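Starting from the known structure of chain A, fit chains B, C and D with the ligands onto it as the hints suggest.
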Amino acid sequence: MLDAIGVGSVEDLFEAIPESVRLGRPIDLPGGMAEQEVLDHLAELAARNRHADAEITFLGAGMYDHYVPALIDNLVERSEFLTPYTPYQPEISQGGLQVMFEFQTMISELTGLPVSNASVYEGPSAVAAAGYLAKLETRRSKLLTSRGMHPHSRAALATHAVGYGMEIVEVPLDSNGVTDAEALAAAVDDDTAAVFVQYPNFLGTVEDLASLGEAAKSTGALFVCAADPLPLGILKPPGECGVDICVGEGQTLGNRLDFGGPSFGFFAASERFLRKMPGRIAGETRDVDGKRGFVLTLQTREQHIRREKATHNICTSQALNALAGTAYLSWLGREGLVELSTLMLRRTAYAREGLPFEPINPGPVVREFAVRVPELDAFLERAREAGINPGLPLRGVLPEYEDGLLVAITERRTKEQIDALAAVASRTEVPA
Amino acid sequence: MLDAIGVGSVEDLFEAIPESVRLGRPIDLPGGMAEQEVLDHLAELAARNRHADAEITFLGAGMYDHYVPALIDNLVERSEFLTPYTPYQPEISQGGLQVMFEFQTMISELTGLPVSNASVYEGPSAVAAAGYLAKLETRRSKLLTSRGMHPHSRAALATHAVGYGMEIVEVPLDSNGVTDAEALAAAVDDDTAAVFVQYPNFLGTVEDLASLGEAAKSTGALFVCAADPLPLGILKPPGECGVDICVGEGQTLGNRLDFGGPSFGFFAASERFLRKMPGRIAGETRDVDGKRGFVLTLQTREQHIRREKATHNICTSQALNALAGTAYLSWLGREGLVELSTLMLRRTAYAREGLPFEPINPGPVVREFAVRVPELDAFLERAREAGINPGLPLRGVLPEYEDGLLVAITERRTKEQIDALAAVASRTEVPA
Amino acid sequence: MSDTVTIFERSREGRRAFTPPRTDVPETPVEELLPDWARRSQPADLPEVSEPEIVRHYVTLSRKNFHLDQGFYPLGSCTMKHNPKLHERVAALPGHARLHPLQEPAHAQGALELMYNLQEALAEIAGLPHVSLQPSAGSHGELAGLLLTRAYHADRGEHRTKVLTPDTAHGTNPATVTMAGYEVVKVGTADDGGVDLEDLRAKADDDVACLMLTNPNTLGLFDSNIEEIAEIVHGVGGTLYYDGANLNAVMGVSRPGDMGFDIVHYNLHKTFTQPHGGGGPGAGPIAVSDRIEPFLPVPQVVRTSSSNGAGPAFDLDHDRPKSIGKMRGFQGNFGVFVRSYAYICSLGGDGLREVSELAVLNANYLKARLAEDGIGEYLPIAFDRHCMHEFVLSGSGAKDKLDIKTLDIAKRLLDHEVHPPTVYFPLLVDEALMIEPTETEPKERLDHFADAMRELLAEAAEDPEIARTAPHTTPVRRLDEAGAAKRPVVRQSRRDVNPGDPGRAQDHPAAASGAL
Amino acid sequence: MSDTVTIFERSREGRRAFTPPRTDVPETPVEELLPDWARRSQPADLPEVSEPEIVRHYVTLSRKNFHLDQGFYPLGSCTMKHNPKLHERVAALPGHARLHPLQEPAHAQGALELMYNLQEALAEIAGLPHVSLQPSAGSHGELAGLLLTRAYHADRGEHRTKVLTPDTAHGTNPATVTMAGYEVVKVGTADDGGVDLEDLRAKADDDVACLMLTNPNTLGLFDSNIEEIAEIVHGVGGTLYYDGANLNAVMGVSRPGDMGFDIVHYNLHKTFTQPHGGGGPGAGPIAVSDRIEPFLPVPQVVRTSSSNGAGPAFDLDHDRPKSIGKMRGFQGNFGVFVRSYAYICSLGGDGLREVSELAVLNANYLKARLAEDGIGEYLPIAFDRHCMHEFVLSGSGAKDKLDIKTLDIAKRLLDHEVHPPTVYFPLLVDEALMIEPTETEPKERLDHFADAMRELLAEAAEDPEIARTAPHTTPVRRLDEAGAAKRPVVRQSRRDVNPGDPGRAQDHPAAASGAL
Ligand SMILES: Cc1ncc(COP(=O)(O)O)c(C=O)c1O
Ligand SMILES: Cc1ncc(COP(=O)(O)O)c(C=O)c1O
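Chains as they are written, first to last, in the working numbering: chain A, 1 to 432; chain B, 1 to 432; chain C, 1 to 516; chain D, 1 to 516.
Bound-form chain A, shown alone (with noise of 0.2 Å):
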């Protein structure tokens, strides 16, 4: 090969290096390894996890323990879904491409909106894409964010903002944990680019999404809802309660844990932001024999095309978390998303029922919910000492609920272990 190119070494093809910018020692880095030491080093690694097949786990906000259905596992690890870059050809790219938009399809299903993107990186940071849009629709500079909208997805819009210059004003949640109505009517103004809620919120209760939404608007700002989809299922669907962008988390919908990622993130909207949407987007057309078929579309929204002028920066996306999105919806179809969302909702109400501790958000949830426990880190240490992981301790995140517990109830969660959480929690109440 050296010969081909016509150098001595392949030292002399890095001649364009300075010397004075080469490392001019070996990396610092231990000596590679066999596959099986690589496995055994990981092994040893991943076993001083305490994962969620370790404990019985309640902890949830924002991410969940779902059951993820076997076919996934199997399509996701096909090297032809695994290995393509983004479909940039899309003649031999059809098998991606199809994906797309049936993920598209049912994410506009979910959530009642008639456009979705192909996915983008994950939850928070699609919240601050929508705050992006907000900008570039209204040109306005303030976003009200409801203190119900998830912690990180209020951090990274913040963040985010920064960069493209918003002020962010928070809205409180009521006494009963939902977004305070009047505050939120009194706080918005002719400035307001957008109004973000969470959809159930943050402490698990179904927001009256309409009634906030006929305030948020009220002059003209967007009203932007982060779902949870799985529960979308029986919940009315954002798009029918005046919500103008939906974004969210997709993990619940057939993706692992994973210590927090990667997942995928969606992004749907009314159709009069389809040309302004972050993302790849997925069209169907025809090939030039009348046959049916999909390319990326409407790209001039895009970075690569539009460069400075792009809607979002965002290139590579999270193509394969959207493709288990599609097949675990595929999977519990019409019928089965319905029934999994009402065993969720039943095993959430027992729940909450069971437990022997006062609710912070009393009002309608599907999964998850808040409940003040008194000596907490007591009952903390006596659920870790039965296996047990009871959930989020609140203190961290929102320091006004000091003694809260954020609880969640997967369709992974038996009355079973529902029982022995409320045994634990009983055993605290009465202390001995």
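Please keep in mind that the hints were generated in silico from the structure rather than gathered at the bench. Check each hint, because a few of them may be wrong.
Calculated lysine-lysine pairs in the DSS-like style (CA-CA distance at most 30 Å, straight line) [unchecked claim]:
{"no.": "1", "chain 1": "A", "residue 1": "291", "chain 2": "C", "residue 2": "443"}
{"no.": "2", "chain 1": "A", "residue 1": "276", "chain 2": "A", "residue 2": "217"}
{"no.": "3", "chain 1": "A", "residue 1": "291", "chain 2": "D", "residue 2": "486"}
{"no.": "4", "chain 1": "D", "residue 1": "443", "chain 2": "A", "residue 2": "309"}
{"no.": "5", "chain 1": "C", "residue 1": "443", "chain 2": "C", "residue 2": "486"}
{"no.": "6", "chain 1": "D", "residue 1": "486", "chain 2": "A", "residue 2": "135"}
Computed far set for chain C versus chain A, every beta-carbon distance over 12 Å [unchecked claim]:
{"no.": "7", "residue": "63"}
{"no.": "8", "residue": "88"}
{"no.": "9", "residue": "92"}
{"no.": "10", "residue": "107"}
{"no.": "11", "residue": "183"}
{"no.": "12", "residue": "203"}
{"no.": "13", "residue": "236"}
{"no.": "14", "residue": "289"}
{"no.": "15", "residue": "312"}
{"no.": "16", "residue": "381"}
{"no.": "17", "residue": "430"}
{"no.": "18", "residue": "466"}
Computed from a prediction, not measured in an experiment: that's the story for all the values here. The C-beta atom is built at its ideal place from N, Cα and C for all residues, glycine as well.
This is chains B, C and D with the ligands only, laid out in the frame that chain A set:
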């Protein structure tokens, strides 16, 4: 659908079944389960097995804890390999057929014999199949088996031989745990159809095949070797030692332990047996356009063509496991097989020296050896307590070695683990 | 690049995928550890290929296979039903996949319980109380069955020499008879597709050890005379063997044990959905009646009460003095048991009955569709009754009217992206096409098959040459099978070693390795 | 059946794959648990399909994708290197895949240690001491980098408004600049393919917050003036941002930190072999110098000494007062980290250097082959120097001499079973073809590509129409992209519900289920 058939109910379709042989009640089994429930149930069962990652295991005796590279999982789970039937339609089965052809070539390379079939069930029944071939070939009545054959191979041979009507005579091991050459020479006579030796033998010793073969073949009997294919990477190939038929257990080539199966057996032989071999054989040929391709060949040996005149009754075999073996040998490659075998050889030597026990078989060993352990039970218990499975006590299968222990060292067993075993052993030696 | 290239032909000196683990023990020269006579002089000529190219090679090969996850696969007698992906997941659990077969029973309780539960379920399904999971496949189960019969008769001091098999029997049946040391005696088929009772009576004598029967038989027909058949065979002291390949038709409806059979084998890779893997693995457990039980292979998985009386425990029973011994090593194809057990758990008792009902419904629907004008006249049904899970057509009409053979029909179907039926079996049907859709196929797939059949027959009426020279769209076209058998090439000849990448592999150890 | 059919079009009423878990709690009516205003009135119109048909649908779809495990994929700037299968195995370990992101650090020590080790390795590779793994992809890393720059300047009381990007920059660079609230100022390219220093000097003023640079740049050329560039930018108080998409060229040879960069992003899905997944997931960690460190996102993974002093422990540090905050939820794409960490462990330090050497060797070899007569005259190299890991050709010769465009060349390559290079980028090269073979390709694949290119050019000299109408062998041919954008159809319209299987699904609950 019923209309098209012209019946009123599915029940009508079963009219040919007399009432008197109908079950007339539901099947007495529990109701169906959701996917997650089945997983939970099986995971709960699986958790009650102490598997090879849950202890440091020196168990071998026919199946071994070798590393299975990740690419094998990926290949065997591909629908294209996992879900087709035996390749009866070669035009749409070239993938499977070519794998068989490659497999046959690799087995031929390892055994040093010119022809191989595409797999049989597993090791011991492959030995029995060799016995049947010896009967078809020689029409003689006696099979000599070394006591160094795996006890399961001797048992399976005996079981099958009752069917095809042959007598089995056992040749003992000498005091060094190798086949007693003199006894063998004495036992061979004009009725001897075949002589069976294992390589390395059940105790791990590398038998002197060439010498044994001379005695075995003196009266025209076939010389059959049951070999572990992995150590053949550094051992003289059976084909170079006068062996006529070499069979064996293929688990060591890229197949999981799976509590004993499925794995694959192989069957290689001298050219002259090609038309008497059991099982599928892939052959190279051309299509009508002259394009290279592969087919199942020499099918006139087989049951579906020859019925009662077939050379064996085997139909479904172990194609997917043989694929794993083929991919494994490709992964190891020409140099890697030698390196891996050499590593085992050295670690095994290190272990045999390091253990304070008297060897039962002091001759050359590659991966396994037997030792006499005074106070065997106490030792076993201590080892278990230390999280070590020290190997197979021989008393259950070879009662003459009452205090014998068979210890296997694969590339998965590090020096550190071997030292741990030695440490437990030393403690046992000196009763406190 | 999609030409036919073997892995050996992709080999280049110095390439590799494998990186050896660190040698952490003394590097004693191999010569000191292995004597000359035991040492290989030259490495086995395995290919030298990097991981990326190994993956590409086998992925590319795989894509030349038609497979069940791609389309309709109505291969008669093979029960190509869907293989749920869950089964691969549960089989791969480390507690299953990484369990050594000689692990002490005390530390393999989960595996033994699973096997025990599977035995119990299979026993209930077949109506025979004692199960051995050991045999590796259907034919291995058949052999076990005849060895049991031999042991049973021997135990009674009888020496019998003949086994009856109907002329519709699968090839493994007569092949097994020979291997088990018996003589095959063929029994004819009556006009209704069942056993010819007169012929059976004539041949059933004191030398008969066994009758091997498939019910429904390979014509897809249930033999209504089964009780009489049993009586005849039992009357002369023979055993009745049930080839369970067609069990998918009658689960929950009728049980072999209740029909009078003494011994049954199951094909877990058919009825109980172990994936076929392109020719295995499978498993062929057997179930037997009380009188055969003493002879079952060792070890048997048994339930004991644990020493402290706390709950059931499971053990391997090797102490069975009348046992025929071992059919194979260890306890059988456990990984297959896991999948089939998961299947039974998923469906439950009622679900299994539904399986059979739907398998029969699908078969009869497809039979009806293929009897329509434009198809039926070319492919008459061999025995015109309601079928069970499969049915057999004759290509005689196509041969006579279109001058194309069943083989041509099969090959032309390949161009329609469906797998052809089993062809030229059973032998007693001229130009046979044996069609088994299974219960997991939706109506659309059945309709598509019928439409494809109609289309290709109409096409053949126009121009039979298209079918005669089919397939036209497959990776290769018709292959020279006769030539392959005449001058067999069954391994790659030792290749000339290909050159490496000069200036690459040598200087770059990792270059040659799998990571790159 | 291989026509384009969506999963919705495969739907039939009553079919299903999912079986719900048993309801073990009171079956309270939904109306009692959810008020009217919160309840959906109609189920979302998801498809109704059985498991077998879902599997077939997506397996069949998958087979319409060209993919890296199939063949050569020299997509410039995308670093399509082999994805070792081991990585999928380690990522799937339950301790990784099933770990909740909010698990307490005390019970996620393995995950935190892995992240810490990866941070350390990335820092060493880039020569910058502080790493945040948080950003989700390269462009997310870029945005983080500019937000850090903004925070850094703000902390110093400076307000800067412009970011310099060379005209060779990837589209994400200018797009990021806008999103981060800066104005893009383009810098020209000199004749040698590097940054035009004069232009840079002219534009570098006090308003400049940052220069974003790729080195080697998107032409595959290393900018030898990098130190001078750094001096200029630092001289006016700007930061220097390294777009790490091309890091694969220089690992172990030269480090961005040593070149003077302040902030770097890595594309773990390029250099560190996270599979691309058809468009993600990826991860875009960043590394920064000491002066930028205080502003890194929260949480940071840090090493602490454990309370009892026994060995190191790892924690999440949220208490970083100057932090820019959060780029996303939780700790980043951990599953990607696992794969990239496994990759670094496999190769080790020396192996990583070999990666770069071989990537450069392969690129230069292919460049040489494509300069041969019969190719070179049609595809002149844009800047004729030794390239690094990739190079850019111009299709100008083919356009002039053969009247075919780069697009036609790309489409005709599809018929040769290779993926085309990146085309029409970078913008400053006319009819650009950007070719990056990566180190995991063997010489045969490079030769095959060159041969294919020669063949298609020769063919175009005979008959350019073949290329202009290519591809000819793909699942679909050229698609109407303009039409798609003009009348966008981005979701399936609500379908007419297909009928179920009368007499099937209704009577057979399991029939509709996944097991059947
Ligand atoms: C009717 C019948 N009997 C027996 C067998 C043999 O089963 P196996 O392939 O599992 O050995 C088959 C398999 O094709 C069969 O169809
Ligand atoms: C040079 C360059 N910079 C930045 C990016 C953006 O990276 P990502 O796709 O991970 O957002 C790319 C990816 O194509 C690239 O090639």
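Taking the earlier hints as the rules, which of them does this structure contradict? 4, 5, 7, 8 and 9
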